[in-house]
Amino acid sequence: MNSLEGFVTGPMVYLAIAVFTVVTAYKVHAIMNMPRHLRWDLYPVPHQGPEGSKYQKVDFYKLPKQFSLTHELKEMGEEIFFIKRAFLNNRKIWRGSYLLHLGFYIGTAWLALLVAGAVMEIAGVRVSAAGGLASLIYYLTIAAGVASFVFGLAGTLWLFHLRVHDEEMQAVSDAVSYMNLGLMLLLFGTGFAAWLFADPTFALLRAQVAGLLTFTAVPVQDSLIAWQMFWFSVFLLYLPFSRMMHFAAKYFFYHNIMWDDEPLKAGSDMEKDITGYLSYSVEWSARHIKHRGNWAEQVASRPEREVDKK
Amino acid sequence: MKKRVRLSEFGAAEKVLTPLSYSDLAPLPGEDTSQKQFKPVRPELWEKYDYSLDGFSALNLPIPKTPEEEAAIVNSFLAGLEKLFKKENNWAFLQPTVLSTEYCMQCNTCNEACPVYEASGRQDIYRPNFRSELLRRIYRRYFTPAGRLLGKWAGADVELNWRVVYRLAELSWRCSLCRRCASTCPIGVDNALLARELRKLFSMEMGIAPDAVHKSGTINHMITGSSTGMTRAAFLDNIEFIEDLIEEKIGRRIKIPVDKKGADIMLLHNAGEYMAWPENPAAFAILFDAAGIDYTLSSEAMGYEGVNYGVWYDDVQYARIALAQVQAAKNLGVRKIVVGECGHATKGLVTIADRLCVGDFAIPRESCLPLLEQITLSGAIKFDPMKNNFPVTMHDPCNMVRLMGIINPQRNVLKHILPPGQFREMPNAGTNNYCCGGGSGFAIMNSQNFPEWRNNLASRKKAQQVLEAFKDVLDPSIPKYYCAPCSNCKGAARDALMHHYGFRDKYNIIYGGLVELMVNAMIDVPHPFITWEDEF
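So the sequences go chain by chain: A and B.
Going by this note's numbering, the letters in the first sequence line up with residues 1 to 310, in that order.
Going by this note's numbering, the letters in the second sequence line up with residues 1 to 536, in that order.
In case anyone wonders, no lab produced these hints; they're calculated from the structure.
One should not assume that every hint holds.
As a list, the in silico SDA-like pairs of lysine to any residue whose alpha-carbon atoms are at most 20 Å apart [what the hints assert, rightly or not]:
1) A:K57 - B:S378
2) B:K336 - B:I293
3) B:K2 - A:A171
Being a predicted model, the structure only gives us computed values, none of them experimental.
Build the full structure now, drawing on both the sequences and the hints.
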């Protein structure tokens, strides 16, 4: 094993996992800690259930809080697992996007299976076709890995095709969109190539995972394994800095904006927070803004007739 | 012909980036555009104002004359852009703005939802994500290390010049903020919000906004008490006129309560109703009187005006007006505010203001539609549906339907006041409905050649929907009613559907609110309240 392969299959993977975890957590934390915004609901709001918006009732503010977990989970499930909105509104993109997302979902399960298999190997249970739980892990790992690579590649290629050949898609696509797709091609492509040419049962990769879990350097049997792990690490390193972080941000789009119908209650934390925001000093420069006044002062002030102002 | 415009060339020194022609527009049934042309702009105006986006002007932006003026425009824009992403200046919408700026996947799903994009013949500049992408790429280019360092390789390929700024300002006023695009985005990216954030930047930093919305709108509102310029004395005169109108219409006088302390409800109308459609507040007065509702109007400055144009473009102006409206209710000691038939006023005061009304400003506020439903279903008023024996379709105002979820009350009212078979839904009714074309200020923006753009592009999809709803009864011998329970939507109906597209003359379609239909069906009202000849 040369030193570069040793770096790629060891320290680089640890680094990628650490960066991914820390930056993702930081970004999510930053989103969560932004100021509460004014209401910007978009209907229907699923957790309001079949009765729909409370605004449809006289004295709606006296009604108990509506929260149908079933309806919310159903809508979330349809969006997460089937990308419902794209299916309904943009079938062309959905075909590629859905395959690509399937690639990621199944790929995540594949990683979990690899880790599970590696833990079993460390515990002395050989993961093979011989029977029992180990054989289930063995076969599921192969099935999930292959499905992930195939779906991921198919979805990526379809989206590439659209961005290159569809005029409307070309018009909006920036260089980053192409680079993101290129990176996913390398991610799924090297995985697929490694499986096809070097590691048909994922035994070699499982051994690498076991090595990572036990902080032991494992010799790389085939450079395709190193390439596969290299692009996986690059992807992880890049992911939280990219727009693909929507996998986490999407939660906030839905729950904190479109579906956020939480009313302000007297004495609530929300009221305290917003009262605090009213002391922020406003820097906007237009003439109708009170110079350096805070939000409370802005609201209490009245602009002069602008034509009278020098 | 569709004009392909690359985002990176948005600031190109072309006279007009996307010139429009009638032949580009999505066709309407029965419309002959073969000989039509947009009215040319007078040469002296070309010299003075910027029309370089699409040949139209919503903002009357004067063309800079010196390099210093050009630089000042760019610098002022950059200063505003930086402030847009600071919590001190934009806490009220920071989270939605940041998320929608950072996480668009450029899938174009939003495009198909946009009525303006579709009506324009799919011109690039009207794609909902076009203006958002400009914002994103400019922000990355000037405010992120990756953008500064890597340029287009970091998705930061728009270089600023004054044309980019001015075209972007105009472009922010080519979206009606209907948020239909946001409701289809798989991620939840809200291009309409970003259009509003751009408007905010231009207004709050650069003082750029349409005169009708700002100077004659919110500024006038705060100085005179109403965006219409109606003072307290004029308001009281109007109330007297409406009492006369009621007497003329129903044969008895009703005293409209004004400044009644301790009333249950403060009713807040869009003041445009008093001026343009007085039969609407008259119908409310008749219904509330007949149903025994304990209510009052306020004669306090800003308390008799329900509009809040700040909703469309400026957070400071918005907050000033919203809290002044609530203050008027506080002064009267009412239990709650009910907003009349006005979409943006309802959303502005009920939903968006919810988290502004802290402390003793937390007076309940609600739409009139549930109350109208309650009055109808309570049996307090007897209706004869046969008095409304004509086809009716219902327009769903975006602000009350897609943005507040108020869908059923108005339909339940119609079920009780129309004979069977006379109500017909438009295609895409409910939360999937299309904007009337007057949303976000368009209905009141009548300067320069903007109305021509509005009527032809923003209202075109609504015109298609109306024709589709009435397709089996288009014969002009059959009178038809387009029910729009929103003042701005009625304004768009008047200017676009009736005057521009000629629906009244061609198809005998009239428009009006919901309460007029209710009063028209009242057994106790001896004569038709809706008189076809007088409408609009």
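Subject >> Restraint check for K57 of chain A with S378 of chain B, where alpha carbons must lie at most 20 Å apart >> reply: OK: K57 of chain A and S378 of chain B at ~14 Å, within 20 Å.
Original post:
Does the alpha-carbon distance linking K336 of chain B and I293 of chain B stay inside the 20 Å limit?
Top reply: With Cα atoms ~13 Å apart, K336 of chain B and I293 of chain B stay inside 20 Å; holds.
Original post:
Regarding the pair K2 of chain B and A171 of chain A, is the alpha-carbon distance no greater than 20 Å?
Top reply: Satisfied, since the Cα-Cα distance of roughly 13 Å is no more than 20 Å.
Hint compliance for this structure: no hint is broken.
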